[in-house]
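Read off the chains here:
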Amino acid sequence: MDYSGYSDAELFGLLREKKPIAEAAFAELYSRYATRIYNYCRTILRNKEDAEDAFQETFAKFYQSAQQEREMTNLPAYLLRIARNTCLNMKRQRRQEIVSFDEEYMYPTRDDPDREEMLKLIETAVELLPDDLREIFILREYQGYRYAEIAQALNISEEAARVRAYRARKQVQKILAPYIKDFAQHM
Amino acid sequence: MEKYSFWVHLLLEGELESGKEAEIFEALAKYPELREEFRHLVLMNRSLREQVVRTPPPKLTQTVFDRLFRGKPSIAGSLMTFGGGVVVGVLLSLAIFFAGQWSQPAHSPKAVAEMPDLPVVEFTMSAYSQPPVLGDTAHYHFPVSVVEQGSEEVEAQEAARLVEEGGEVQPKVTGVSPISVPLGTEPLFRPSVEPVPQRLPALTLDNLISPVSWNQLQGAYRETMTMLSNPQIQRLSGQLERPFELQLGYQIAPHHIVGVAVGREPFPQRFYLVAHMETERQREEYDVRVYYEQVPVLWWAGGFYRTQWELFPRVVPFTELLVGGTQVGPLFKATLGTSLKLTDNVALQLGIEGSALLYQVYEKVFATQKLNLIYGLKVGL
Numbered sequence: 059m060d061y062s063g064y065s066d067a068e069l070f071g072l073l074r075e076k077k078p079i080a081e082a083a084f085a086e087l088y089s090r091y092a093t094r095i096y097n098y099c100r101t102i103l104r105n106k107e108d109a110e111d112a113f114q115e116t117f118a119k120f121y122q123s124a125q126q127e128r129e130m131t132n133l134p135a136y137l138l139r140i141a142r143n144t145c146l147n148m149k150r151q152r153r154q155e156i157v158s159f160d161e162e163y164m165y166p167t168r169d170d171p172d173r174e175e176m177l178k179l180i181e182t183a184v185e186l187l188p189d190d191l192r193e194i195f196i197l198r199e200y201q202g203y204r205y206a207e208i209a210q211a212l213n214i215s216e217e218a219a220r221v222r223a224y225r226a227r228k229q230v231q232k233i234l235a236p237y238i239k240d241f242a243q244h245m
Numbered sequence: 009m010e011k012y013s014f015w016v017h018l019l020l021e022g023e024l025e026s027g028k029e030a031e032i033f034e035a036l037a038k039y040p041e042l043r044e045e046f047r048h049l050v051l052m053n054r055s056l057r058e059q060v061v062r063t064p065p066p067k068l069t070q071t072v073f074d075r076l077f078r079g080k081p082s083i084a085g086s087l088m089t090f091g092g093g094v095v096v097g098v099l100l101s102l103a104i105f106f107a108g109q110w111s112q113p114a115h116s117p118k119a120v121a122e123m124p125d126l127p128v129v130e131f132t133m134s135a136y137s138q139p140p141v142l143g144d145t146a147h148y149h150f151p152v153s154v155v156e157q158g159s160e161e162v163e164a165q166e167a168a169r170l171v172e173e174g175g176e177v178q179p180k181v182t183g184v185s186p187i188s189v190p191l192g193t194e195p196l197f198r199p200s201v202e203p204v205p206q207r208l209p210a211l212t213l214d215n216l217i218s219p220v221s222w223n224q225l226q227g228a229y230r231e232t233m234t235m236l237s238n239p240q241i242q243r244l245s246g247q248l249e250r251p252f253e254l255q256l257g258y259q260i261a262p263h264h265i266v267g268v269a270v271g272r273e274p275f276p277q278r279f280y281l282v283a284h285m286e287t288e289r290q291r292e293e294y295d296v297r298v299y300y301e302q303v304p305v306l307w308w309a310g311g312f313y314r315t316q317w318e319l320f321p322r323v324v325p326f327t328e329l330l331v332g333g334t335q336v337g338p339l340f341k342a343t344l345g346t347s348l349k350l351t352d353n354v355a356l357q358l359g360i361e362g363s364a365l366l367y368q369v370y371e372k373v374f375a376t377q378k379l380n381l382i383y384g385l386k387v388g389l
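Sequences listed follow chains A and B, in order.
My numbering applies: residue 59 is where the first sequence begins, and numbers increase by one.
My numbering applies: residue 9 is where the second sequence begins, and numbers increase by one.
Bound-form chain A, shown alone:
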């Protein structure tokens, strides 16, 4: 069964059907959004094992929630909200523990060492942002979510999302100020 032409809302409705249909619909939704959710979990949790747990949990909750009839207007934002809550809960649980960071996440291999270092700098600067700004920055800059999706996932207005993203970028830029000039000259 090819569900690639179906809308998100139609596929969401099919999740309540019999198992083969539900599985095919789920597979189509998974192919559309799994990468974004996976990257979101990796970015937020920064630990591969935790991120994979959160990722699994997100899709499990999503599937369970689909068993109850509900109107689905913005599925990516809905999935993101589930992922966000799952990751935040996991972070709260881990807060007291010393979590080993995923080196491969922190410093993934890239061909261009300058750009790699620039990304590394941005990633470390993002870690210094207050939670609300960091979240917006990750969603917007790393995950590429639209402001409408971010607004719905975070339950804020689009304008508020836009302003927070601006503040986040501004703050990152200031944190990197001592180094960014050098990079600007090299790149």
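It should be emphasised that the hints constitute simulated quantities derived from the structure, not laboratory data.
None of the values given here were measured: they were computed from a predicted structure.
Treat the hints with caution; some may be incorrect.
[Unchecked claim] Quick list of in silico lysine-lysine cross-link-like pairs, DSSO-like style, CA-CA up to 30 Å: (1) A:Lys106 - B:Lys67; (2) A:Lys149 - A:Lys178; (3) A:Lys119 - B:Lys67; (4) A:Lys178 - A:Lys106; (5) B:Lys11 - B:Lys38; (6) A:Lys76 - A:Lys119; (7) A:Lys149 - A:Lys119; (8) A:Lys77 - B:Lys67; (9) B:Lys67 - A:Lys76; (10) B:Lys28 - B:Lys38; (11) A:Lys77 - A:Lys119; (12) B:Lys28 - B:Lys11; (13) B:Lys67 - A:Lys178; (14) B:Lys372 - A:Lys178; (15) A:Lys149 - B:Lys67.
Assemble chain B onto chain A, guided by the hints.
Okay, now just chain B, sitting in the frame of chain A:
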């Protein structure tokens, strides 16, 4: 101005209203700081666009589908996996332990997580390195055993006495006096007051290994090993170079040497800046003190003064003061050490060196203090 700054961000996101484009371009032409912000944002955006996007691993995808549509894995399978993992883990741990490689990686994120509750940004992971140094000049005193002979008059009397007794005339050794000769200023094997006797000195171990001469101009190569550092930054690069120093010195008086030195070594730095937001209200909410950590490997050069004295034969303690500079700020070093002579022109040096590097970041001055172990070789030139 903040309005234009916000507009620049919207412009780069393609969300600036079309009517405002002309105004923002005018503002960009007018304000250099706005243009700089624009350039920096372009740079950041370009880097962010090139970030690695990860797809979920196939195994994870399989797990999700198994969990939702095919039930959970069996307990037996889990136990087998768990048991196999334990066995492999134990074997691997034992292998590593017995191979003597059980160590915490220097570049440990855990180490950063355990640091005090401060935001930390680490930007530079430079190598640990250094090249050779001139400079360790030392004025050695070597004990020399010299055979003293009696005067000609004494010898003549002794010879006459021997002849009378029917014996054979032999030169008489009247004594052996250990003396210390400051190398480089006095010829070796010569008593300091009396003329050199026309006899070879006694064959002793000292004579065999002592140099015949020692130039006042001397050079040295030595390396350093950091024992303590403030700031202490544990996350050093895995590629460590050897910190080194080259010295060239000249003995201006029996116990005093001056010279120049050049070296290269890492200086852990930890400084902070405050990233301010634009308005007072935003500052209260979002200002953050950002700590930067880096370990640049710097070239340095300077002049030194050393004083030394002979404590034991072949052992010459010294103290040394150095004032120099790096590309980031002035450098001060003080060393307490000793030289141990090995061969004619070569001596081993060991010591403890304290150093302080001052550097300025914007209007603030920060310092790096280190305590190093130094070791190296000195040669006469």
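query: Broken hints, numbered, in rising order?
result: Violated hints: none; all satisfied.
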